[in-house]
Amino acid sequence: MEHTNKMLLKGNEAVVYGALLAGCDSYFGYPITPASEIAHTAALLFPRLGRVFLQAESEIGAINMVLGAASTGRRTMTASSGLGISLKQEGISYLAGCNLPAVIIDIMRGGPGLGNIGPEQADYNQVVKGGGHGSYRCIVLAPASVQEMCDLTVLAFDLADKYRTPVYVAADGVIGQMMESLTLPEPRAGKLELPDWALDPGKDRNNLITSIFLKYDRLEEVNEALQEKYRLISKEEQRAEEYLTGDAELVLVAYGICARLAHSAVEQLREKGVKAGMIRPVTLFPFPVDAIRQAKKNAKLFISVELSCGQMIDDVKLALDCAVPVKLINRMGGNIPSIDEIVEKSLAALNELKGDNE
Amino acid sequence: MIKETVTHAKPEGFFETFERRPGPIKKNMHYCPGCGHGILQKLIAEAIGDLKIKDKTIFISPVGCSVFSYYYFDCFGISVPHGRAPAVATGMARSNPDSIVISYQGDGDLAAIGFNNFIQAANRGENICVFFVNNAIYGMTGGQMAPTTLPGQKTATSPYGRSILNEGYPMKVSEMVAALDSPVYVERTALSTTSNIMKARKAVRKALCNTIDRKGFSMVEFLAGCPINLKMSASEINEFINTRMVSFFPLGCFKDIAEDRDPLKRSKGIYKAEKVRELLYPLKVDKGVSPDFRNKSEIFQKQRKIKLGGFGGQGVLSLGKMIATMGKLRNFNVSWLPSYGPEMRGGTANCSVIISRKKIGSPIIDKDCNLLIVLNQPSMNKFLPELKKNGVLIYDSTTIKKPDCGPDKKVYAVDASNIAKQIGSLKYANSVILGALSAVMDYNFLTPADQADFDRTFEEAIMDCFSDKETIIKLNIEAFYAGQKAVIDAYGKK
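Line order of the protein sequences matches chains S and P. Quick note: the first sequence uses the numbering used here, first residue 1, plus one each step. Quick note: the second sequence uses the numbering used here, first residue 1001, plus one each step.
By construction, these hints were calculated from the structure, which means they are not laboratory data. Errors might be hidden in some of the hints.
Derived DSSO-like pairs: lysine-lysine, alpha-carbon spacing no greater than 27 Å straight-line [said to hold, decoys possible]: (1) Lys-1388(P) to Lys-272(S); (2) Lys-1265(P) to Lys-191(S); (3) Lys-215(S) to Lys-1026(P); (4) Lys-275(S) to Lys-300(S).
What the simulated footprint calls covered on chain S by chain P, stretch by stretch (three residues with Cβ under 8 Å from a Cβ of chain P suffice, anywhere in the stretch; the number is not a length) [stated by the list, open to error]: (5) 17-26; (6) 89-101.
All values derive from a computational prediction rather than experimental measurement. Backbone N, C-alpha and C define an ideal beta-carbon position, used for all residues, glycine too.
Chain S with its partners taken away, still in its complex shape (with noise of 0.2 Å):
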């Protein structure tokens, strides 16, 4: 029989075959809605790949189980969502100070607290920020249709592997729930190579992997290490689509589901005759400053759009150095603005800035 790479998946199920493809080899987790569906996928198919599929005893368990695969210098991941992500956090703490590469996805769901299932981007500030304690950074990738699910899976793992770190895959609830079509990616070629510093027989068995530096001097080498490592991947790996910002006077700034929105939103403001144009940032950190910055331009006005009180609006307005005005369009709980939502607020927004100038 014949195979076809053609599939039409749920996002959740896209993040498993992007993994697998990309040779992850093992996948601890604890099931939680709206992201259960890449536990069920996992199970399902890693074992037919006679790879590792364990469900954890809790999201702490999980974290864990990937800081120990990790160390032995193979791909490996998790899966959650915003609660199960503040339980991880400590662990992911552990994966930035050791230096660990591992993937970790999250599919946002309303917050704070038990909050509800549906969807939110509220997870932003704790995945992008740091989350945990300590001075540390994690890449984060922000899908926005399933092809991006199963491509930015496998691109984490390469990112996660090049500068030896935690990488997420943030998306929010209806990336993950939605199906689309897709084509699958190639299987990588053969089987990794272990790096030299794996925890693992054939390699040196002086290898240790620790965070633990009692001397605060020597402790602020290793921090100065990593900020170093994040001011590196903050100049080579910001990502982000822009549509329509060469002549733009309004800019979106938008991830994930409201990207979908914020760019249909452009074509009917365009159609209203205002020069609107869309960035939207395919990673997280690092932020795409420099998309930003050149989007300047001609803008008279950014608006930030997402799923939470407003959390990515800092960030634009930094790497603006707050020298254009920046706005929210904003829903929470589960709702999300319709396009017709954001064309009005955004033309109220113009309007407003127009009398201010006046």
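Since the structure of chain S is provided, determine the placement of chain P on it from the hints.
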């Protein structure tokens, strides 16, 4: 087997000098006189050397005084979060079953903050070796109460003595683990008298041999002293262990069934691209069209928005998925977005499907819907206002009364539930609806060639969704043509 001679040289599992230890002292350990860690770590290092497993042993240092174990052990090392060593060990042992993973833990680490990770690893029968040091107190943090602190024992956080009313009885870890089916070896020993230490030495080796032989989970508990925090001299400590601790924590082997167990088998990962593709890529079921096939009918030149609603369990979501699959099979871009959550288990469920030649913007449909399919009354009430002018409505007339909508809508009633029941089950209602849709498409939108292709696409989609279930495929196809016929019977031929 292992020689039972005791040598007095530095154990082979230790470094020659402890260069990782900061400061000028490179030959001694950092443990206090009378502390159990020094004795136990020597026993472990000796065993690692004798068993010749230095090159494949990973020693997990916990949080506590033994966090610096990596100063001493000449093998792989890692320091992990407080209480999480068994979870970390699980990740390692699963990643490479050849590794000998030692989870070395104290009583706060194992029996308090990390108890769940510990007991669950035990219950899974992970092939790891847990060495549990029970000294009835938190050492490094400064003498606070542990789960194993004895009743009446004064600590920094039980200054009036541990009260069984306030803090309960000491935790009997070995007894609890031994009650589980998975673990193969559980023993409690003491690091007090020479004869106890010799028993501990044997237990260490037995546990490590079990791990080497892949027999599963082994744990040895060691009653130990902490003279500084217990405020006792080294000799008083031995007395404390041998009388007071032992009265709560009796020594002995609680379980030893390794001989009855077969070695654990773990699968080997498949990574060859060819093989991965074969196992992961789906089988191609459609015989139909080439990748550059484009449907000619006018209807498909624009983006089409389809909304489907009904009771959870009526198959609304899979009906949407079927339409999306048909779109995929004919090279359209498609999106399918469900309402998800509690409503899927009893209430009303709905999904939005968009089919387009162009890249699809928002997958959400909240207005201007081209096709509305409803299988229950609440969905009719909710979604009818979203139907666009000239939009098509198909509804299940078994359960829904005729809607009151203007002449600008094309409305088709199908007795879907009844037809489905006649075929065998309500679950075929969605194929009945799709058959009806086929007839509706024929009336209004499709060229003759595309009409034939529509039905063929449905059959391919059914096979795509139920590839291995022949009866289900057959009955769904039957339902499809029954639905098609029902519409033609009711509304006449084109």
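> Has the stretch 17-26 of chain S got at least three residues whose CB is nearer than 8 Å to a CB belonging to chain P?
Replying inline: holds (count 6)
> Can the restraint linking Lys-215(S) and Lys-1026(P) be considered satisfied, given a maximum Cα separation of 27 Å?
Replying inline: Distance of about 17 Å is within 27 Å: holds.
> Given the proposed pairing of Lys-1265(P) with Lys-191(S), does the C-alpha separation stay at or below 27 Å?
Replying inline: holds (21 Å)
> Do three or more residues from the stretch 89-101 of chain S put their C-beta atoms closer than 8 Å to C-beta atoms of chain P?
Replying inline: n = 4 at 8 Å, threshold three: holds.
> Keeping to a limit of 27 Å between CA atoms, is the pair of Lys-1388(P) and Lys-272(S) held or broken?
Replying inline: Distance of about 22 Å is within 27 Å: holds.
> Do the alpha carbons of Lys-275(S) and Lys-300(S) lie within 27 Å of each other, as the hint requires?
Replying inline: Distance of about 10 Å is within 27 Å: holds.
The earlier numbered hints are all upheld by this structure, with none contradicted.
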